[in-house]
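Chains as they are written, first to last, in our numbering: chain A, 7 to 95; chain S, 25 to 212.
Note that these hints are calculated values from the structure, not bench results. Treat the numbers as computed from the prediction; the structure is a model and nothing was measured. Misleading hints may appear alongside valid ones.
One side of the interface only, derived from the structure: several residues of chain A facing chain S at Cβ under 7 Å [to be verified]:
#, residue
1, L11
2, L19
3, V52
Cut-off 25 Å, straight-line C-alpha distance, at most; resulting in silico cross-link-like pairs (DMTMM-like, lysine to aspartate or glutamate) [to be verified]:
#, chain 1, residue 1, chain 2, residue 2
4, S, K81, A, E26
5, S, K111, S, E68
6, S, K81, S, E68
7, S, K81, S, E44
8, S, K195, A, E12
9, S, K195, S, E142
10, S, K195, S, D152
11, S, K111, S, E42
12, S, K81, S, E142
13, S, K195, A, D17
14, A, K47, S, D109
15, S, K81, S, E174
16, S, K111, S, E44
17, S, K111, S, E174
18, S, K195, A, E26
Derived DEER-like restraints, expressed as beta-carbon distance ranges [to be verified]:
#, chain 1, residue 1, chain 2, residue 2, range
19, S, Q88, A, V49, 33 to 39 Å
20, A, A64, S, E68, 48 to 54 Å
21, S, E68, A, A53, 18 to 24 Å
22, S, N191, A, S59, 30 to 36 Å
Beta carbons: idealized from backbone N, C-alpha and C, even for Gly.
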Amino acid sequence: MSEWLELELADRLAPVRAPERLWHLIQTPGPSANVRRRPIKTVLLVAAAAAASVWVAAAWRPETRNAQTISLSANPADSHMACRACHAD
Amino acid sequence: MVLEGSERELVEACRRGEREAFRALFEIYRDRVYSIALRFSGDEAAAMDIAQDTFLKLFASIHQFRGDAAFQTWIYRLVVNSCFDHKRRTRRLVPLAAGFLATLRASADSLADLLRSEVRTSVRTAVDRLSPALRMVIVLRYTEALSYEEIAAVLGCSQGTVASRLNRAHKALGRRLSHLANGGNRYV
Numbered sequence: 007m008s009e010w011l012e013l014e015l016a017d018r019l020a021p022v023r024a025p026e027r028l029w030h031l032i033q034t035p036g037p038s039a040n041v042r043r044r045p046i047k048t049v050l051l052v053a054a055a056a057a058a059s060v061w062v063a064a065a066w067r068p069e070t071r072n073a074q075t076i077s078l079s080a081n082p083a084d085s086h087m088a089c090r091a092c093h094a095d
Numbered sequence: 025m026v027l028e029g030s031e032r033e034l035v036e037a038c039r040r041g042e043r044e045a046f047r048a049l050f051e052i053y054r055d056r057v058y059s060i061a062l063r064f065s066g067d068e069a070a071a072m073d074i075a076q077d078t079f080l081k082l083f084a085s086i087h088q089f090r091g092d093a094a095f096q097t098w099i100y101r102l103v104v105n106s107c108f109d110h111k112r113r114t115r116r117l118v119p120l121a122a123g124f125l126a127t128l129r130a131s132a133d134s135l136a137d138l139l140r141s142e143v144r145t146s147v148r149t150a151v152d153r154l155s156p157a158l159r160m161v162i163v164l165r166y167t168e169a170l171s172y173e174e175i176a177a178v179l180g181c182s183q184g185t186v187a188s189r190l191n192r193a194h195k196a197l198g199r200r201l202s203h204l205a206n207g208g209n210r211y212v
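Chain A extracted, bound-state conformation (with noise of 0.2 Å):
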């Protein structure tokens, strides 16, 4: 290894004074102010409702007619040849 990178690494990487407040810190423990805490709940959360209305506008679309059907349903007096549409009997 180079002398140079031997140098700039000792410098670069030199020992440094903590701050002051670091004891405040740890006598005060809890959720520190500098962790950046994913807020794992919220997603989860947000994917769960996600999902539930997928499921459920999947659950309650309406049945698929076909254009016979949906004509003849529209006129009450035919309303009984919608029946046999439906029912193929």
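Please build the complex by placing chain S on the supplied structure of chain A, with the hints as guidance.
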């Protein structure tokens, strides 16, 4: 117990729960713990978190210190583990982006300042890009000036492993900083 006389008394006093002893122990090790945390993470806020975590673990588990290793080695193990834990918990920005932000923050009143800042940022970025295992060996070697034997004791590996990691780290850093070796260092 592998302790200096005064340190042994401090540890005993900490075990008895004496507040002043905790403070005294903190004053002895705070700069070393914070320096390792800062040089490993490259970020002041992260270093504060790591140092806080280390001292809380130290005070909570000091009764578990059996004395079969040097007390300093035990503390170094705590801070090394806290560094790795922090690294696992958080994903850093791409080192290049972090380096770029550091350049923006650095004062650049003159061309010489700018070049000095560039060298500093390049070294910092190159160290950041090392794997955590290689970076920790570099930090313990250059920040704390530990011997191969001491590093091996802290990391729980052989001296051969330490030498191998240092060699790999030096080669990687040499490759990444070769552009500075020829001309950049004359500004520093």
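Hints that the structure is at odds with (numbers, increasing): 3, 11, 12, 16, 18, 21 and 22
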